[in-house]
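Given the structure of chain A, go ahead and fit chains B, C and D onto it with the hints provided.
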Amino acid sequence: MSPEEKTLDYTAGEMMTVTAARALVNGMTCFVGIGLPSEAANLARLTHAPDVVLIYESGTLQTKPDVLPLSIGDGELCESALTTVSVPEMFRYWLQGGKVDVGFLGTAQIDRFANLNTTLIGDYQAPKVRLPGGGGAPEIATNAGEVFITLKHSPRAFVRDVDFITTLGFGRDGKGRDGVPSIGQGPTRVISDLCVMKPDSATKELTVVSLHPGVTRADVVEATGWAIRFADELEITPAPRGEELEILRGLKARTERAHAGQ
Amino acid sequence: MSPEEKTLDYTAGEMMTVTAARALVNGMTCFVGIGLPSEAANLARLTHAPDVVLIYESGTLQTKPDVLPLSIGDGELCESALTTVSVPEMFRYWLQGGKVDVGFLGTAQIDRFANLNTTLIGDYQAPKVRLPGGGGAPEIATNAGEVFITLKHSPRAFVRDVDFITTLGFGRDGKGRDGVPSIGQGPTRVISDLCVMKPDSATKELTVVSLHPGVTRADVVEATGWAIRFADELEITPAPRGEELEILRGLKARTERAHAGQ
Amino acid sequence: MAEILSLHDAVARYVEDGATVAMEGFTHLIPFAAGQEIIRQGRRELTLIRMTPDLIYDQLIGAGCAKKVIFSWGGNPGVGSLHRLRDAVEKGWPRKIEILEHSHAAMACAFEAGAAGLPLAVLRGYVGSELPNVNDQIKFIDCPFTGERLAAVPSVRPDVSIVHAQKADRAGNVLVEGIVGVQKEAVLAARHSIVTVEEIVDDLDTHPNACVIPGWAIDAIAVAEKGALPSYAHGYYARDNRFYREWDAIARDRDAFTKWIDENVMNVGGNA
Amino acid sequence: MAEILSLHDAVARYVEDGATVAMEGFTHLIPFAAGQEIIRQGRRELTLIRMTPDLIYDQLIGAGCAKKVIFSWGGNPGVGSLHRLRDAVEKGWPRKIEILEHSHAAMACAFEAGAAGLPLAVLRGYVGSELPNVNDQIKFIDCPFTGERLAAVPSVRPDVSIVHAQKADRAGNVLVEGIVGVQKEAVLAARHSIVTVEEIVDDLDTHPNACVIPGWAIDAIAVAEKGALPSYAHGYYARDNRFYREWDAIARDRDAFTKWIDENVMNVGGNA
Chain A
1 MSPEEKTLDY TAGEMMTVTA ARALVNGMTC FVGIGLPSEA ANLARLTHAP DVVLIYESGT
61 LQTKPDVLPL SIGDGELCES ALTTVSVPEM FRYWLQGGKV DVGFLGTAQI DRFANLNTTL
121 IGDYQAPKVR LPGGGGAPEI ATNAGEVFIT LKHSPRAFVR DVDFITTLGF GRDGKGRDGV
181 PSIGQGPTRV ISDLCVMKPD SATKELTVVS LHPGVTRADV VEATGWAIRF ADELEITPAP
241 RGEELEILRG LKARTERAHA GQ
Chain B
1 MSPEEKTLDY TAGEMMTVTA ARALVNGMTC FVGIGLPSEA ANLARLTHAP DVVLIYESGT
61 LQTKPDVLPL SIGDGELCES ALTTVSVPEM FRYWLQGGKV DVGFLGTAQI DRFANLNTTL
121 IGDYQAPKVR LPGGGGAPEI ATNAGEVFIT LKHSPRAFVR DVDFITTLGF GRDGKGRDGV
181 PSIGQGPTRV ISDLCVMKPD SATKELTVVS LHPGVTRADV VEATGWAIRF ADELEITPAP
241 RGEELEILRG LKARTERAHA GQ
Chain C
1 MAEILSLHDA VARYVEDGAT VAMEGFTHLI PFAAGQEIIR QGRRELTLIR MTPDLIYDQL
61 IGAGCAKKVI FSWGGNPGVG SLHRLRDAVE KGWPRKIEIL EHSHAAMACA FEAGAAGLPL
121 AVLRGYVGSE LPNVNDQIKF IDCPFTGERL AAVPSVRPDV SIVHAQKADR AGNVLVEGIV
181 GVQKEAVLAA RHSIVTVEEI VDDLDTHPNA CVIPGWAIDA IAVAEKGALP SYAHGYYARD
241 NRFYREWDAI ARDRDAFTKW IDENVMNVGG NA
Chain D
1 MAEILSLHDA VARYVEDGAT VAMEGFTHLI PFAAGQEIIR QGRRELTLIR MTPDLIYDQL
61 IGAGCAKKVI FSWGGNPGVG SLHRLRDAVE KGWPRKIEIL EHSHAAMACA FEAGAAGLPL
121 AVLRGYVGSE LPNVNDQIKF IDCPFTGERL AAVPSVRPDV SIVHAQKADR AGNVLVEGIV
181 GVQKEAVLAA RHSIVTVEEI VDDLDTHPNA CVIPGWAIDA IAVAEKGALP SYAHGYYARD
241 NRFYREWDAI ARDRDAFTKW IDENVMNVGG NA
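As they're listed, the protein sequences go chains A, B, C and D. For the first sequence, my numbering assigns the number 1 to the initial residue and increments by one for each residue that follows. For the second sequence, my numbering assigns the number 1 to the initial residue and increments by one for each residue that follows. For the third sequence, my numbering assigns the number 1 to the initial residue and increments by one for each residue that follows. For the fourth sequence, my numbering assigns the number 1 to the initial residue and increments by one for each residue that follows.
By construction, these hints were calculated from the structure, which means they are not laboratory data. Any given hint could turn out to be false.
[Stated by the list, open to error] Covered stretches of chain A (in silico footprint by chain D; criterion: 3 or more residues with CB under 8 Å from a CB of chain D, positions within the stretch not fixed):
(1) 53-63
(2) 94-106
(3) 139-146
Just so you know, even glycine gets a beta-carbon here, dropped at the ideal spot from N, CA and C.
The following block holds chain A by itself, in its conformation from the complex:
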């Protein structure tokens, strides 16, 4: 890290988005979830990965929005896409057909085996909190080559066992993908505002591999609902570079203006 970068001010949210963006490799085909994943994926496209192919479940193939969509089907996505297909075609030919390298998802809850819950908190018949539901995630998580997940750290979000598995990570016992034909690798990294986690290669339990600058192990432990493990060779996530922050802030400012517009 060079001295002038060290002195940059950035928020934990920006740290998370920049780190998530960096996970995408130029040329990858990425099925993008709305919200944080969309922000990260478009930042990647506007920085190191100009040829990343972004696909949204609304049917927009290879889209290059100038502002972030509020919904998964904003007009901007279609207008800047290579082409737009029907939603059945999107899920059948492009996702299930194996054309997606990485699915990029957010979630409400995640557990130690990277299972995602976006269905509800509490009991299904008498929910404490009703969440939006599965959307595209259940099949993105199994039909994409691999899955990146990004969400903010908190003990309510990072729980030992999700109340409901909406979307498979590695199952209740870490073996949920074993022997399943034509299934993707599943979650290969989880990026929060505190750290980066990867599944342990043997147990599939999420393990911290990198702490964001200034974050301590205790911070992560406190914000995680299970006794989270740390990799032997724990790294420090590189801080955002000035250019990344500038482009991210520009993107968010344009988005803010556009959405307030009408």
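Chains B, C and D in isolation, oriented as in the chain A frame:
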């Protein structure tokens, strides 16, 4: 029949085409087979049924060709269509989805229960004559509301039992549609150059209901490979009208010129 | 054959109490005007099908029209919850509703299968998800060729589907352009269909492979200008993202919601 | 990511002896130039998949490239028989070939299922047909919801698919327009794909819902001007219906056929 129509000259083939065309009701949705059905369906559209909707398996919906297509996918069909969809969509949404009132088919062989053979003459493993195969017919015949069939009469074409049921009429025993869910009525009329046949309401055996002008029962019996029955109230098919012949001949002349063109 | 009707008459004729209704439009072209006409006409006991209930079903649910909702993602996109949906599910206001939930992939395939006239859709889906535990309409079949276990869901075959589109010609042929979602599938899968359009034109003026739904596959066309607002119509007007945000506060409170419905739905003439 | 290659190199790289090859184009955009390149390169033992073998497979079969043909309608459209297909099936010249035949509906669904990554396609098909007696790849399943018996066929998943299209841009994105057949499905279903095009342009200049296949879903693009003749390319040239008629006499006679292939395929440079 008025005197001046009586004196019109027309061929048996023209008689057949005009009669087949008349079977189509204005506004019907018709899935059109190539060859004789296409000629008849377009004649219908150019005469009494301007709003008949013609669909070809090439994906062309509601097409209005100025000349007859040689193949099922001539450019003319697409250029004059309301829209053109993929072939999977054509068979799934439009045919199987129940949007077709009548399927209009030709065939190489037909038997007394209106089963069609376009696969082969002789034994499957050692065919005497190899025919083109099923094409769209097997599912047109079962998924369209009803089926019209048109072909020239001869003992080789009208056989007691087809060598191979490519396409269901009423099966080997006339009961092939009984109790099958979501199946169309099947063949409701067969138009040849000699007569019009309909399935007997009880046995489903093809029965002559109308003889073309100048055709005798003996002519039909001789040209049919089984002891064909005649309806109690046997009618005489109305002869082609001058306008019909004129339009048919114009259509064929335009077609001839167009196909010789290149 | 499509008949050109007023929105009032189209809804009155085809949407009956107790009907199964799909009102589609994936973020784009959501038939809000038609939804509000259903509220105005006081339809009850509807089974509402939609991948994303969105504000349109939040309004219908809050107004008491629904007894059941079949969906796959029930949020206010980019904003948060659908408070009327949640209030009905969690607290039973204004009535308890039943929900049946799927994934997007399954619902998209179910619409496709409905359009294709099939009783079921088959997909590589729900692997490891607990949704099959709470939705008895998710089953599994074995591929007779490979032995692979695949998910199966019943196809969507509504009594009536309603979609919004850019334009129709005078014969009732409809052009849908942009994000086409499952709109065509919804129309083709239904026993009856209503399409609201921005305008009726002499000529659709389009290209050979456009998404055109022929008039003979539609029951009724109704003009509903701006009929998709606060969602949008590609080529006509943009999404009112601000209203989507404002809805959060309106829908969060039962009284605010009721007042909004009274002022913006009940006491206006509609597009009749 | 699509690489722009000469037709010679594209075929040499992706079409191997013994491969399963789908060359699609429903009457329109049939990739004749590519088919003839395969003949020139002397590929053997191919399993050829195509709904309508048409003249393109008649040529490949007569030239001895095929060991098996999977098809659903094997005629010369509007003209009569495919004499080289018949000669191979009936008399074993130049070699005995195996055939596996379907209906159009089943093959179209099988391509769709292949593109969708599924092992099987399900359709309401083959009811009362005797094709299932002679094709052991046609099976039946029971719908778990309704009990209805439905046909199932294996999806089409070729080693390589080859289609022809109007144009590609420099990134290899391809526009297919007009009768689109199962071309997109063929490309998406295959392990590798080659698309021949009339021209490479800066900008596809098309509409929001055009049938565009992204370059990253294609292996090779090769320019083959008039590469679909005697079939046609919407917007470029018309079908050579006269040649389709003339083919009948050429293909009817083994010597005439061999002479035609020698003069028109073997002893020309191709589009390399």
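Evaluation of the provided hints:
For the stretch 53-63 of chain A, the stated coverage by chain D is satisfied: 3 residues place a CB nearer than 8 Å to a CB of that chain, which reaches the threshold of 3. Coverage of the stretch 94-106 of chain A by chain D holds in this model, with 4 residues showing a Cβ closer than 8 Å to a Cβ of that chain against a need of three. Look at the stretch 139-146 of chain A against chain D: 1 of its residues bring a Cβ nearer than 8 Å to a Cβ of that chain, fewer than three, so the hint is violated.
Going through the hint list in order, the structure does not satisfy hint 3, though it satisfies all others.
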